[in-house]
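Participant: Sequence:
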Amino acid sequence: MILFPKEFIKWLQAKKANIYDVIFFIHSKWTAVILWMFTLLLSAKQYFGDPIECMTDSKFKNYIHSYCWTMGTFLIPSSTDDLRNEIAVGVGPRRFDKENVNLRYYQWVVVVLLLEGLLFYMPAFLWEIWEDKRLEQLCSAVVAPLITIDEHKKHTNLIKAYLSKDNRNTHQQYAMKYFICEFLNLMISVS
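Start counting the sequence shown at 1; every next residue gets the next number (UniProt numbering).
You may find that some hints are simply not true.
Calculated cross-link-like contacts (lysine-lysine; reagent style DSS-like; alpha-carbon spacing at most 27 Å) [unchecked claim]: (1) K59 <-> K29; (2) K45 <-> K29; (3) K177 <-> K160; (4) K165 <-> K177; (5) K29 <-> K177; (6) K165 <-> K154; (7) K45 <-> K59; (8) K165 <-> K133.
The set of hints was computed from the structure by calculation and includes no laboratory data.
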């Protein structure tokens, strides 16, 4: 493939400044996207499939399935003395002499995954607001594709002067905000 000069120059140009390290990017962006994809898949199952099927042979199947979905389901406790009546562990004829194990979490799985995705994305969102394209503004002249060595040195010296001036408070706040976002990533991962 022959590259034309404009396309070649475009290919040489740096796209934009990267404000995330690899771990931050994977944690905040990829994990959130994966959780949201699972949210979409699970919610699609509710609308395009049967989220739950209750054992019934009545003519009110849709009503019974809706009732089971909203009221939850339960597992029948196994009894070691009478395993032949059970189809599988927790499935079988209802026994009124033992307490059933109620399961009412599956309706909330989609909501929890959505909230987890938002939680994982929150540090990246905060960092994008706090960073405010400062790194891109600092590096834009230095990463230009066709500048002379003298221009490059001039811009590099300007950046050095900016970083070494009496802007320590600004730079410390910038660093502190980044560390807060990294700490949030750690806390979200641990919890």
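Participant: Taking the hints in turn, state whether each one holds.
Facilitator: Verification of the supplied hints:
1. K59 <-> K29: Violated - the C-alpha atoms of K29 and K59 are around 47 Å apart, more than 27 Å.
2. K45 <-> K29: holds, 25 Å
3. K177 <-> K160: Distance ~21 Å between K177 and K160 Cα, so the pair holds.
4. K165 <-> K177: The given pair, whose Cα atoms are some 20 Å apart, holds under the 27 Å limit.
5. K29 <-> K177: Roughly 18 Å separates the two Cα atoms, so the pair holds.
6. K165 <-> K154: Between K165 and K154 the Cα gap is close to 16 Å, so the pair holds against 27 Å.
7. K45 <-> K59: holds, 23 Å
8. K165 <-> K133: Within the cut-off at roughly 20 Å; holds.
Checked against the numbered hints above, the structure breaks only hint 1 and satisfies the rest.
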